[in-house]
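Participant: What follows is the residue order along each chain.
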Amino acid sequence: MKDQAVRSRKSWQLTLIYASIGVLLLISLFPVYWMFIGSVKQRGEFYTSPPVFVPKQLEWENFGRALERGGAKGIKDSLVVAGLSSLLAIVLGSLAAYSIARYGTGGDNLSFWILSIRMAPPVAGVIPIFMLMRYARLLDTYSALVLAYCLFNLPFAVWLIKGFFEDIPADMEGAALVDGFNRLQVFWRIALPLAVPALIVTGLFCFIFSWNEFLFALVLTRSRVTTLPVIISGMVGGHEIMWGEISALSVLTSLPVAALALLLQRYLVRGLTLGAMRG
Amino acid sequence: MNRVTAAPVKGRDFNSWIDKRLPVLFVAPVVGILLTLAIGPLLFIFITSFMSWELVSAAAPQFIWFRNYLNIVLDSRFWNAMKNTLILLVGGVGLQLVLGLITALLLNREFKLKRVVTSLFLIPITIAPVVVGFQWRVIYHESFGPLNYIIRMLRLGNGFAWLADTRTALFSILVAEVWQWTPFVTIVLLAGLQSISPRVYEAANVDGATPWQVFRRVTLPLLKPTIIIVALFRVMDVFKIFDLVFLLTGGGPGTASESVSLYTYINGFRYFSMGYATALAVIQLLIVTIICMNLVKMMKVRRA
Chain U
1 MKDQAVRSRK
11 SWQLTLIYAS
21 IGVLLLISLF
31 PVYWMFIGSV
41 KQRGEFYTSP
51 PVFVPKQLEW
61 ENFGRALERG
71 GAKGIKDSLV
81 VAGLSSLLAI
91 VLGSLAAYSI
101 ARYGTGGDNL
111 SFWILSIRMA
121 PPVAGVIPIF
131 MLMRYARLLD
141 TYSALVLAYC
151 LFNLPFAVWL
161 IKGFFEDIPA
171 DMEGAALVDG
181 FNRLQVFWRI
191 ALPLAVPALI
201 VTGLFCFIFS
211 WNEFLFALVL
221 TRSRVTTLPV
231 IISGMVGGHE
241 IMWGEISALS
251 VLTSLPVAAL
261 ALLLQRYLVR
271 GLTLGAMRG
Chain S
1 MNRVTAAPVK
11 GRDFNSWIDK
21 RLPVLFVAPV
31 VGILLTLAIG
41 PLLFIFITSF
51 MSWELVSAAA
61 PQFIWFRNYL
71 NIVLDSRFWN
81 AMKNTLILLV
91 GGVGLQLVLG
101 LITALLLNRE
111 FKLKRVVTSL
121 FLIPITIAPV
131 VVGFQWRVIY
141 HESFGPLNYI
151 IRMLRLGNGF
161 AWLADTRTAL
171 FSILVAEVWQ
181 WTPFVTIVLL
191 AGLQSISPRV
201 YEAANVDGAT
211 PWQVFRRVTL
221 PLLKPTIIIV
231 ALFRVMDVFK
241 IFDLVFLLTG
251 GGPGTASESV
261 SLYTYINGFR
271 YFSMGYATAL
281 AVIQLLIVTI
291 ICMNLVKMMK
301 VRRA
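Going down the list, the protein sequences come from chains U and S.
Under the working numbering, the residue at position 191 of the first sequence is numbered 191, and the numbers go up by one with no gaps.
Under the working numbering, the residue at position 48 of the second sequence is numbered 48, and the numbers go up by one with no gaps.
Derived by calculation from the structure, the hints in this document are not laboratory data.
Keep in mind the model is a prediction, meaning the values are calculated, not measured.
You can trust all of the hints, since none of them are fake.
DSS-like, lysine-lysine: derived pairs with alpha carbons at most 25 Å apart: (1) S:Lys-297 - S:Lys-240; (2) S:Lys-114 - U:Lys-10; (3) S:Lys-112 - U:Lys-10; (4) S:Lys-240 - S:Lys-300.
Construct all of the structure, not just a fragment, from the sequences and the given hints.
Facilitator: See the structure below:
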C-alpha cells in the first residue's frame, strides 16, 4: 500500500516536472515561432486583432522581396565580413595561443591583457576606431569591419584555442623535438593537425559573433557595405514598417547561426564563457 | 668543399634561431594588431576625454581638463541612463539566474528527448540581438501584438503600449533580455550541476536528507563558483547593453529606457561631441575593468 502511494507521488512529481519544462519551452520558443509565421504572413495579416496565430496560406513572396530590398547584398556582405574576420582570428589566434599555451609567453599578464580587451565595452572602442578608420579612409569598406572585429575575435580565439592546446598532451611534441624537429616543424606537423577540430569550433564561434554584431557595423558602414543586422535595423526605422519582409530577413539571418550553434552544442558552454567552464 | 659543410650549419642556425624566437614571433601579430586597435584607441579616448571636441563645429579641439567629467557628474541624463542600466543589470541578471537555475535543475535528469529539448532551449541565444529586438517589437505591438491579445483574452486588462509607455518601456527591454540570455545561464549551470559527483548525493540520501535540504546544503554550495562566474559574465554583458535598447525603444519614450551605452553612442554619433562621449566611455571602461578583475580572479581560482 505504502509502496503504491510513494510510486504515485513519484509519477505525479514527474508529470509536474515535464509540465514545467513544457511551459518554459513554450515561452522560450513562442517568439521564434512568431518570427517564422511572420515571414510567411500576408501584409493584411499583420493588422488584425486578434492576431493571426496560424496563417491561412503561406506568403513566400516576403523572402523574394526581402532579398531584393538589400537582403541579398546583406547576406553577401555579412558572409564576407564574418568569414574573413573568423579566418584571420583563427590563423593569428592559433599562433599566439600555441605560444602562450606551450611556452607561457608573456605569462599571465599577456593572456589576461588579451582577455580584458574582449571584455571592454564596445561603445568605448567604437568611437576611436571610427576616428581611426576615418583618417585611414576605410569607412564603409570590408577592411574596416574585418579589422574592427579582430578586436573581439582575436582575444576570443586566443583564449579558446589556448585552452584546447592545454588539453592536448605535449609528450609527442617533446619526442619530436628530441628527434631533431625544430619548434616550427613541431607546431606545423604535430600540434596544429591535432588542433584542427578546435580551430573549426573557434572559427564558427567567431563567425556567429561577427554575423550578429551590430554597433560597429552601424557606425563604420554607410551604403557600400551593409551587413544583415544594419539592414534589419534600417528597415525597422523606415517610414512604413515592412513586417513580412523584415521577418523573412530575420529568418534568413537566424537560421544559419542556429544551425551552426546546434553543431557547436557540445562546446557552447566552453565558448560562451571563453573557456572558463569546460562544459 | 666549404659550401657543402656550410649548408647543414646554416640549417642548424635556422633551427636554433627559430627555436629561440618562435614563442615571440607567434604572439607578435596578435599583440601588434591588438596594440593598434586597443591601446591606440585607449590613449585616444583618454586624451580626448579631457578635450572639448565638437565634430560639427569648425572650432579646433580645446583642452578643458576635467570639465567633461564634471559635466557628467552634473548631468541628470547620465544618472538616469546609469539608473536604467542598473535596473536592467540587477533585475535582468537576477531573473536570469533564478529562471536559469530552475530550468537547469529541471533538465538535470535523464528523460526521453533530453538532447532535443536542451537544444530547443538554446535557440534564443543564437539569434542576433537586432532580430530579437524586432521580434519583440512585433510581440509588444499595442493593437496587433500577441501579448496584448493574450492579456485581453485572459481579461487581465486592456494591455499596454509596452514600448511607448514610460512605465513599461524599460521593463519590456528587460523581459526581452531575460528571454534571450536565460538559456545561457541554464546551460552553464547545467554543466556545473553535471560536474557534481553522484556520490555526494548518495551520501546525502543515506543520511536521510530531504530534497530541499540536499538542494540547500549540497547542490547550492557546490554550484556557487559556477553561479558567480555566470553572473559576472551576464553582469558584464548587460552593463554594455545597446542593441536591444536601440531596436526596441531607441532609449525612449524621452529618455525613459536609455542605457549608458546608448547615451554614449548618441553623444558620439548624433551630437558628435567627441570629448563628452569619450569621457563617458572612460567611465564605463573603469567600471567594466572592476567587474572584469573580479571575473578574472574567479577564473584563476577555478583553474588552480
